[in-house]
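Undergrad: Protein chains in written order, with this note's numbering: chain F, 291 to 642; chain D, 291 to 642; chain W, 291 to 642; chain S, 291 to 642.
Because the hints were derived from the structure by calculation, they are not lab data.
Take these hints with a grain of salt, some might be off.
What the hints assert, rightly or not - Straight-line Cα separation of at most 25 Å, SDA-like style, residue types lysine to any residue; simulated pairs:
# : chain 1 : residue 1 : chain 2 : residue 2
1 : W       : Lys484    : S       : Pro408
2 : D       : Lys484    : F       : Leu420
3 : S       : Lys484    : W       : Glu334
4 : F       : Lys376    : F       : Leu420
5 : S       : Lys484    : S       : Pro337
6 : W       : Lys376    : W       : Ala405
Stated by the list, open to error - Cβ pair distances, simulated, as ranges:
#  : chain 1 : residue 1 : chain 2 : residue 2 : range
7  : D       : Pro485    : S       : Thr397    : 54 to 62 Å
8  : S       : Pro315    : W       : Ala466    : 58 to 66 Å
9  : W       : Arg325    : S       : Thr397    : 42 to 50 Å
10 : S       : Gly413    : W       : Asp636    : 56 to 64 Å
11 : W       : Ala632    : D       : Asp352    : 55 to 63 Å
12 : F       : Ala566    : W       : Ala632    : 35 to 43 Å
13 : D       : Asp630    : W       : Ala566    : 56 to 64 Å
14 : S       : Arg562    : D       : Pro485    : 55 to 63 Å
15 : W       : Thr346    : D       : Pro315    : 40 to 48 Å
16 : W       : Ala486    : S       : Gly413    : 32 to 40 Å
17 : W       : Thr346    : D       : Asp351    : 45 to 53 Å
18 : F       : Ser357    : S       : Asp575    : 30 to 38 Å
Unchecked claim - The following residues of chain W were derived to be distant from chain D, with all beta-carbon distances above 12 Å:
#  : residue
19 : Ser396
20 : Lys483
21 : Arg600
22 : Arg637
Glycine included, every Cβ here is placed at the ideal spot set by N, Cα and C.
4 protein chains.
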Amino acid sequence: MRRVQIVGATGYGGLGILELLLAHPEFEVTSLVARDAAGQRIDEVYPHLTGRCALTVQTADDAQVGSGADVVVFATPDRVSQGYAKALADAGVPFIDYSGDFRFGSTADYALYAARHPSIKDGTHEADALLGRAAYGVSELFADRIAQAAIVGNPGCFAIGIILGLAPLFADGLVADGAVSIASLSGSSGAGKKPAPLQHLSHLNDNVVPYRVLTHQHVIEAELTLGRLGAAGGATLDFVPHVIGATRGILSTMHARLTRPSSREALLERYREYFAGQPFVRVLDVPPMLKGQAGSNYCDISLVTSEDGRRVVVMSSIDNLMKGQSGSAMQNLNIMFGLDQAAGLDRTPLYP
Amino acid sequence: MRRVQIVGATGYGGLGILELLLAHPEFEVTSLVARDAAGQRIDEVYPHLTGRCALTVQTADDAQVGSGADVVVFATPDRVSQGYAKALADAGVPFIDYSGDFRFGSTADYALYAARHPSIKDGTHEADALLGRAAYGVSELFADRIAQAAIVGNPGCFAIGIILGLAPLFADGLVADGAVSIASLSGSSGAGKKPAPLQHLSHLNDNVVPYRVLTHQHVIEAELTLGRLGAAGGATLDFVPHVIGATRGILSTMHARLTRPSSREALLERYREYFAGQPFVRVLDVPPMLKGQAGSNYCDISLVTSEDGRRVVVMSSIDNLMKGQSGSAMQNLNIMFGLDQAAGLDRTPLYP
Amino acid sequence: MRRVQIVGATGYGGLGILELLLAHPEFEVTSLVARDAAGQRIDEVYPHLTGRCALTVQTADDAQVGSGADVVVFATPDRVSQGYAKALADAGVPFIDYSGDFRFGSTADYALYAARHPSIKDGTHEADALLGRAAYGVSELFADRIAQAAIVGNPGCFAIGIILGLAPLFADGLVADGAVSIASLSGSSGAGKKPAPLQHLSHLNDNVVPYRVLTHQHVIEAELTLGRLGAAGGATLDFVPHVIGATRGILSTMHARLTRPSSREALLERYREYFAGQPFVRVLDVPPMLKGQAGSNYCDISLVTSEDGRRVVVMSSIDNLMKGQSGSAMQNLNIMFGLDQAAGLDRTPLYP
Amino acid sequence: MRRVQIVGATGYGGLGILELLLAHPEFEVTSLVARDAAGQRIDEVYPHLTGRCALTVQTADDAQVGSGADVVVFATPDRVSQGYAKALADAGVPFIDYSGDFRFGSTADYALYAARHPSIKDGTHEADALLGRAAYGVSELFADRIAQAAIVGNPGCFAIGIILGLAPLFADGLVADGAVSIASLSGSSGAGKKPAPLQHLSHLNDNVVPYRVLTHQHVIEAELTLGRLGAAGGATLDFVPHVIGATRGILSTMHARLTRPSSREALLERYREYFAGQPFVRVLDVPPMLKGQAGSNYCDISLVTSEDGRRVVVMSSIDNLMKGQSGSAMQNLNIMFGLDQAAGLDRTPLYP
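One chain only, chain F, in its complex shape (with noise of 0.2 Å):
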């Protein structure tokens, strides 16, 4: 049994892995450590857990970091893993983290990212010198790369939906202009747990909130990956997100100009032919729904074309806190330890 600590527990991104791991044939969890709620019991916080984990959560401090693990799951803000990194790499620990903290292969990629993040101050990395060594977490384009990588930089809940979507047009260089319009829509839970004006029940309600149009930093490494994929020349995404009165799920309506004509049959082909063999995309005849992933990692994908054939509309969607988080960070753990991708993840959707 592979050990993993959990940093960052009590959010739902750490809930999310705990849940997969506690499940899972291959992995223990040792650990978890949180600033809130320390000292509790987990399912104290979230008393769904009773009877399924009993661990008790413990501060930084008291849990060194990295201390008696095979393997570190940051599930915190961006800028906490950067700090450990290091130290975690002169012990020879992995980690994965779910910030964007180690999403890119470079300072000046990362200073992209730095700049529209609403929270970041300072663009300067504080491990730098690491980001070439770790793996953007895209388990369907960069499994090679996770598998040999000592750390992985989970991709962001909007990019991931939108990279799986686009990501065979922008390999058969098929987008015009690499220019893309993108309205993706996420339940609220997306944005963590803390209490905020705009998670407030009766505020999202049967509500559609658009916030941060075409400034939202989760569209830079979207448009870093898909711009250097294959045929592509570069990647423009008009990005607008929008919270809804849901708790899970992001899809993703995306609509682009062909680079040549082509025809829905033909394009829906391509993706089959381009994710084969991927246990988490489903290209599906029917455009996808919402809730169609709910608690599993599916990417569901179909598209549809204009009449003329030269503009296609792309529709993805995920569960944003399984493909879109913790799912992705189990699949890259997995990967990492040499274990099937899909290993603690074959799990129906819930649905109704």
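Since the structure of chain F is provided, determine the placement of chains D, W and S on it from the hints.
TA: The following block gives chains D, W and S in isolation, referenced to the frame of chain F:
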């Protein structure tokens, strides 16, 4: 035009009375007072007010409480209005208060309430000499007192629906042992707009959370009121509030044993007689539903008896922000100023 | 008092105009016609109307369409009003129709729409001779025509928000290639009250479902209208409707490239100028939100430009049952009868 | 591998057991039978099953009921399984039924239920000779009988939560007069996937609708079961079901007077003792919440006593499609085949 000052103008309660007053032919709002957002225009705080109200929020220091007003509405938490009460009484400025500060006619009654209230540490009342001069603002029961009073204690949101739903039974001495078992379901807006873990959409969406089981403070005013009506000889209400994943509404389902057998038809007829002429109580043949009063001041009531006629289930439903708060306040203001009770309140519920 | 007959009175569209007319100082509803529920009182069909309206629903046979009415409102599906149109025109009874029957000024335009409509098999129009005499009911663009017309084709719920959101850009010739990519989110009430698998709460709750991707019929009226405004030279709208787990509202997020660079500030100023004096269009500094217009007739609009000023995102939001249906109908009735456009429509959105 | 045939496979109940069986190490699903959608693949009916199950739905004619199966699950309405029961019994094929057909051990008991059921006109049972051989499928109370039985009547969704919540009190003779007042809140999925006005999102969203007040048929099985436990001397349950705007879950709030005073602590301890060793009953210190069991087979229970210890409020909560339906069926199948009760059911609730 009567001039109204709203204290606590930026909460849901302040917003509610502001909107009602803006549409009222006989009142004008002359100042908005609040701690939060002082210096902002109210339509910056609430963009849905754009084009409808551009008043600037002031602190209690900048806009002296009571100054230039014919009446003050305190849409504030417990223990705020009692600090201003004596000065206002001395100045001859009447006021309505949303909190429990003036719902009780004696220090003894208030003490019962204060002891139950989660945020009242010390049950002494700063303006206890004025308690006897205040009216409890259940418009349907105490209109005469309200019309005479310079101080009105607006009822609690749970209490008003319970009181109206049970008043005919208690008045007629029909409730065995004065005992009623109550399950009430409240939308999240009842707790106000302040972000909190319980109000987080990801937590509350699709959820029902019982809380303060048998200990909620609103039951005190309901017990004291019902237990003293007509042939009643006290009331014991076993009250279980639940917050649910909806924005508005309180529906209460209330079980009682009857002192003498009756039928559904006979009781419905008695209810219709009891509430005859009341513009905002509707006795329905079918069970009321939570959103059947949304945006309106109605209290909808219906009931069912057991086959043997010895037990009854009464259901009442209101919009907690209207009849449960601002609507009752508007109705009471109308009564205080000798206007038609329904002035400014003639609204069809928003359905669907 | 002008006498109004509502045909299709038991659907959400009939209910909406009934409620508005009940509160209107210059109109009275004299008969309700519907296939369903004939013989029932309308407050039995909709208990929330108890105490507000007790008219009995009649069949079209029992209450002759147009009889005893100064105006008829057809809140009916496509192909109903066109069957009554000639008789009403001959009798000099004006009418408004909610469907696509009279939104188009020519048989050619109507044929484009009919070909797209999922339930229209045969695109011939029973009253094509009257098409040229009908006005398209976008109050903000065609008030002069509406004021003169005896037939008004009320706009589609998606179309009105898209048209108002894009009109200033098209009128100024600012939309490159006339091409706009649109993602629209609609509450479930847009599909009416008829039960259907898509509308089942267990399916739609917490869900977002794209449908009729690039094939929805509402886009035709928007393309024809926008493409002919001012300096516009046609419009191509790639339109993706989504139904979401909310009751009311349509929010549209629209991406376009600009023919000449501009700034957010300049465009917002142009929008404010364009809509100056319009009582129901609000140009906001912040993105509109889906429920910011609930229960009101407002269309809220805002926009953001890309850093280089070459691309724009416009967002518009309405209550689909108000500005998207009954509210526009009420506004058009006011215009037809020479009344203040806002009569009976002066309502603050219901928030939270 | 035990071979399972599911009859009624396209409803929520059939879907639920299908998903559980797909993930179960000891069972395989060999045929899906349903009236609707015969000839379609189940992942066309439910796209979220893409990649997980591609069985084709067959009619009862094409796939003979019971043929080639070690056990049949009837996820069908009342009066279906009783028509197949004798043939299956003769053939030695055991079955579980979701309806009320085999929940009662005698024709007398069944008649009480049938008289209450809104869609049963004639209370005669087609296979009454088999009633005495069937077990009532409350796994926690009747595991021994279930293990022996070839026919199991799976409990009603409301009944199971009520029975588990009250069993310790009735068994100990603690319920005064055997009388309990119950308010139960159910998500919409309890009524199945068939579209209906009550299930329309526009109606039910943000709503709570009491229905069948004091007349719901599920109360019969709960009264008969509880009233015969241990020291109980009959049960009278005043039951008010409410459907709410959520997909899953049933939370019941139950008020009773106690025959002898007790404390919360003492009763909680008794509950923990009573359910010791039961894998799916969790006695919590805090009130359970509706979505605290989503996707899992848990029944969470807690309680509060009045200050004088003479009255109690018990709250129980389940996922109505799991413990309230397919989860109990899976647990009963495990018991019938001598497997670990929890096999295939070891799932953490989906939260948030």
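Undergrad: Each hint: holds or not?
TA: Checked hints:
1. Between Lys484 of chain W and Pro408 of chain S the CA atoms are separated by roughly 23 Å; this keeps the pair inside 25 Å, and the hint holds.
2. With a C-alpha separation of about 42 Å, the suggested pairing of Lys484 of chain D with Leu420 of chain F is violated against the 25 Å cut-off.
3. As the CA atoms of Lys484 of chain S and Glu334 of chain W are separated by approximately 24 Å, the hinted pair is consistent with the 25 Å bound.
4. Annotation: proposed proximity of Lys376 of chain F to Leu420 of chain F holds, straight-line Cα distance about 8 Å (limit 25 Å).
5. The straight-line distance between the Cα atoms of Lys484 of chain S and Pro337 of chain S is roughly 17 Å, inside the 25 Å bound, and the hint therefore holds.
6. Distance check on the hinted pair: Lys376 of chain W and Ala405 of chain W sit about 23 Å apart at the alpha-carbon level, within 25 Å; holds.
7. Separation of Pro485 of chain D from Thr397 of chain S is about 58 Å and conforms to the stated range, judged on CB atoms against 54 to 62 Å.
8. The beta-carbon spacing between Pro315 of chain S and Ala466 of chain W, approximately 59 Å, falls within the hinted interval of 58 to 66 Å.
9. At about 45 Å, the beta-carbon gap between Arg325 of chain W and Thr397 of chain S stays in the expected band of 42 to 50 Å.
10. The supplied range of 56 to 64 Å is met by Gly413 of chain S and Asp636 of chain W, whose beta-carbon atoms lie about 58 Å from each other.
11. Between Ala632 of chain W and Asp352 of chain D the beta carbons are some 34 Å apart, a value that contradicts the proposed interval 55 to 63 Å.
12. Hint check: Ala566 of chain F to Ala632 of chain W, Cβ distance near 60 Å, so the stated range 35 to 43 Å is violated.
13. Range check, Asp630 of chain D to Ala566 of chain W: about 37 Å between beta-carbon atoms, so the 56 to 64 Å window is missed.
14. About 35 Å separates the C-beta atoms of Arg562 of chain S and Pro485 of chain D, a value inconsistent with the hinted range of 55 to 63 Å.
15. Hint check: Thr346 of chain W to Pro315 of chain D, Cβ distance near 33 Å, so the stated range 40 to 48 Å is violated.
16. For the hinted restraint 32 to 40 Å between Ala486 of chain W and Gly413 of chain S, the CB-CB distance of approximately 34 Å keeps it satisfied.
17. At roughly 59 Å, the beta carbons of Thr346 of chain W and Asp351 of chain D sit outside the given window of 45 to 53 Å.
18. At roughly 32 Å, the beta-carbon separation of Ser357 of chain F and Asp575 of chain S lies within the given 30 to 38 Å, and the hint holds.
19. Distance check on Ser396 of chain W: its Cβ is at least 36 Å (rounded) from any Cβ of chain D, clearing the 12 Å threshold; non-interface status holds.
20. With a least CB separation of 7 Å from chain D, Lys483 of chain W falls inside the 12 Å interface cut-off, contrary to its annotation.
21. Every C-beta of chain D lies more than 12 Å from that of Arg600 of chain W, the closest at about 28 Å, which supports listing it as non-interface.
22. With a cut of 12 Å on Cβ distances, Arg637 of chain W falls inside the contact zone with chain D, its closest approach being about 8 Å.
Of the numbered hints stated above, those contradicted by the structure are hints 2, 11, 12, 13, 14, 15, 17, 20 and 22, listed in ascending order.
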